[in-house]
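J.: Its first residue numbered 4, the sequence shown is counted upward by one per residue in the numbering used here.
Bear in mind the hints are in silico, worked out from the structure with no lab data behind them.
Positions of the beta carbon are idealized from the N, C-alpha and C atoms, including for glycine.
Some clues are possibly wrong.
Think about it this way: if two alpha-carbon atoms lie no more than 30 Å apart in a straight line, the pair counts; the simulated BS3-like pairs of lysine-lysine are [unchecked claim]:
1. K237 / K168
2. K216 / K168
3. K206 / K168
4. K237 / K206
5. K206 / K216
Each pair of labels, with its calculated beta carbon distance range [what the hints assert, rightly or not]:
6. S196 / S141: 39 to 45 Å
7. G64 / L197: 33 to 39 Å
8. N169 / Q71: 49 to 55 Å
9. G124 / K216: 49 to 55 Å
10. M39 / S196: 43 to 49 Å
11. V195 / T126: 52 to 58 Å
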Amino acid sequence: MPAPLPHQQNFDTARFFYLLSLSVQTEFQKREEFIMAVITISRQYGSGGDEIAAKVCEMLGYRSFNKQLMAQVATEVGLSPTEIVDFSEDDYKVHGFLERLFGWGRSSRVAQVGTWTEDVGGTRVREVMELDETQMISFVQSTIQAAYRHGNVVIVGRGGQAILKNMPGVLHVQIQAPMELQSQRIHELENVSLAEARERAIKHDQAAANYLKHFYNINWLDPHLYDLVINTHKLSIDAAAQLITTAINYLPQ
Numbered sequence: 004m005p006a007p008l009p010h011q012q013n014f015d016t017a018r019f020f021y022l023l024s025l026s027v028q029t030e031f032q033k034r035e036e037f038i039m040a041v042i043t044i045s046r047q048y049g050s051g052g053d054e055i056a057a058k059v060c061e062m063l064g065y066r067s068f069n070k071q072l073m074a075q076v077a078t079e080v081g082l083s084p085t086e087i088v089d090f091s092e093d094d095y096k097v098h099g100f101l102e103r104l105f106g107w108g109r110s111s112r113v114a115q116v117g118t119w120t121e122d123v124g125g126t127r128v129r130e131v132m133e134l135d136e137t138q139m140i141s142f143v144q145s146t147i148q149a150a151y152r153h154g155n156v157v158i159v160g161r162g163g164q165a166i167l168k169n170m171p172g173v174l175h176v177q178i179q180a181p182m183e184l185q186s187q188r189i190h191e192l193e194n195v196s197l198a199e200a201r202e203r204a205i206k207h208d209q210a211a212a213n214y215l216k217h218f219y220n221i222n223w224l225d226p227h228l229y230d231l232v233i234n235t236h237k238l239s240i241d242a243a244a245q246l247i248t249t250a251i252n253y254l255p256q
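Work the whole structure out from these sequences, hints included.
T.: If you want it as structure tokens, here you go:
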């Protein structure tokens, strides 16, 4: 049984993150056994990183900490999935980054959190709290940290390599590929021209770089952030996944 929620008159940030923690714990407690290992995967767009992450989950029986789980957790704590899912490096476009950085946008609000309570007359009312970027990043960090405590999870993107830096039992991986291969894969998967595919790769990778630099002050291509850097130029999805599943067995206990 979780500890009782401290008495609070309003739906504030502390209550929000308490509910968030319970939601993530419930989701991960559906598994009965835990090895307590965690893998973070950073990937260049078109490098095959998402496919490799899915294969690793399949091979190890791990949960995938991805957009679907974020959306599920968001819904359970009162966030609109469409609002929370897009707050990641995958969609952190350069233009949006500059708007936020220099205050060009009309509002700093990123999402809203709502909960139903009863007023003094017993009428059910919905209280709403607006979340800004800092609070949304706290949402991401809290969910990742809660997932880490339960282990057996692959965290794709979202600054996992920074949030769980130097944490025991974590294998940090980056998946890379030459631009020519990135473009070719995007061309085939998204049915666009090679020129458009190259442009998409550049924009997505720049968005990831901006996101991680802005919020965590790291250069996402710095090899010192990772225990394993895999170039998929010559390695297949299965081969890359096998490298990762082998490496996880050699983490210090």
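J.: Each hint should be assessed against the structure and marked as holding or not.
T.: To see whether the hints hold, each was checked on the structure:
For the proposed pair K237 and K168, the alpha carbon gap of about 28 Å is at most 30 Å, so the pair holds. For the hint pairing K216 with K168, the CA-to-CA distance comes to about 15 Å; that is within 30 Å, so the pair holds. A distance of roughly 26 Å separates the Cα atoms of K206 and K168; the hinted pair therefore holds under the 30 Å criterion. Restraint check for K237 and K206: satisfied, since their Cα atoms lie roughly 24 Å apart, inside the 30 Å limit.
Of the pairs offered as hints, the one joining K206 and K216 holds, with about 15 Å between alpha carbons and a cut-off of 30 Å not exceeded. A hinted range of 39 to 45 Å for the beta carbons of S196 and S141 is consistent with their spacing of about 40 Å. With their beta carbons about 38 Å apart, G64 and L197 fall inside the hinted range of 33 to 39 Å. In this structure the hint that N169 and Q71 lie 49 to 55 Å apart at CB is violated, the actual value being about 28 Å.
Between G124 and K216 the beta carbons are some 50 Å apart, a value that agrees with the proposed interval 49 to 55 Å. In this structure, M39 and S196 meet the distance hint of 43 to 49 Å, their C-beta atoms being roughly 46 Å apart. In this structure the supplied range 52 to 58 Å holds for V195 paired with T126, their Cβ-Cβ distance being about 53 Å.
The structure fails hint 8 only (numbered hints given earlier).
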